[in-house]
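Engineer: Sequence:
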Amino acid sequence: MRTRLIGTAAIGALALSALAMPVAQADTFRPKDVSEGDTKITKVVVDGDNKVAFGTSGAKTVKVSVTATDDSGIKSAEEFSLVGPGAGFELTGKPTCTKVNSTTSTCSASVKIDPKTDYLLNANAGTWYVDAWVTAKDDDYVWEEKAGSFKFQRAAKLTTDAAPEPVKKGKTLTVTGSLTRANWESLKYGAYGSQSVKLQYRKKSADSYTTVKTVKADSKGKLKTTVKASADGYYRFSFAGNSTTGAVNAAGDFVDVK
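For the sequence shown, the residue numbers in mature numbering (1 follows the signal peptide of the UniProt record, and there is no 0) are -20 to -1, 1 to 238.
Hint data in this document are derived by calculation from the structure and do not stem from the laboratory.
Predicted, not measured: the structure shown is a model, and the values here were computed from it.
Where a beta carbon is used, it is the ideal one built from N, C-alpha and C, also for glycine.
A hint or two may mislead.
Claimed, not checked - Restricting the straight-line Cα-Cα distance to at most 30 Å, the calculated cross-link-like pairs of lysine-lysine (DSBU-like) are:
#, residue 1, residue 2
1, K204, K137
2, K79, K92
3, K55, K137
4, K149, K204
Said to hold, decoys possible - Derived CB-CB ranges, DEER-like:
#, residue 1, residue 2, range
5, G150, A220, 26 to 34 Å
6, T206, K183, 33 to 41 Å
7, Y99, K184, 22 to 30 Å
8, K79, K168, 13 to 21 Å
Please construct the entire structure, taking both the sequences and the accompanying hints into account.
Structural biologist: This is the structure in structure tokens:
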């Protein structure tokens, strides 16, 4: 991944704190141990739902919001560090802090990530953590390592095809599809096999899908199952996602039942 420099203010403060300690303490010093006063981080949200999935092209801006509180109010925050598996590391821009009330503010910043220029590795997918430094108006502060977590995922694609079309009521429909996910190293989508996927159905007059059955993809990500045709409607496969791969719904395939 592209190397980013950690905020100099945060590093400087960490170094001064370490120098102020006895040698024995400095040797075991960890950023997560740094705090002064009653400043506390109460909430961390990444991209709204703590999940962010990347395909093989196109930059995506990831927003990080850290809510903190102190009796005197919150003054500022340093750039947030995003740290993940496979030596994954990203650094946001300088946060902007918005006052919630007299003691609490939410500090937000973002970082743009592009699979093509950030050289993502497949090993980078998984649980990432947000490290945050927040300073209060009375100069109390808190540095919290792993203040929050989020899923850094490989985007997935899913297809659905129901046949024959049209079909007589009560006859058998064969529904096929394919599950693939982004390979950040080849910058292509590849088969994602042996995953459980739901077959869902939405009647033509209905607003939502219901699950008909669960199907397991073969080693090449191929899906195949059968159902009895009952009424005009849409069939689709739906993958719930996991820690390394994003959730995805296939486009519904309409079947005309005679």
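Engineer: Next, verify each hint and record whether it holds.
Structural biologist: Outcome of the hint check:
Annotation: proposed proximity of K204 to K137 holds, straight-line Cα distance about 16 Å (limit 30 Å). Restraint check for K79 and K92: satisfied, since their Cα atoms lie roughly 25 Å apart, inside the 30 Å limit. The hinted pair formed by K55 and K137 fails the criterion: a straight-line CA distance of about 43 Å is larger than 30 Å. Under the criterion of a C-alpha separation no larger than 30 Å, the hint pairing K149 with K204 is consistent with the structure, at around 20 Å.
Between G150 and A220, the C-beta spacing of about 31 Å keeps the proposed range 26 to 34 Å intact. One distance hint, 33 to 41 Å for the beta-carbon pair T206 and K183, is violated here, with the actual separation near 19 Å. Take Y99 and K184: their Cβ atoms lie about 47 Å apart, and the range 22 to 30 Å is violated. Checked against the hint of 13 to 21 Å, the pair K79 and K168 fails, with Cβ atoms roughly 46 Å apart.
Hints 3, 6, 7, 8 from the earlier list are contradicted by this structure; the remaining hints agree with it.
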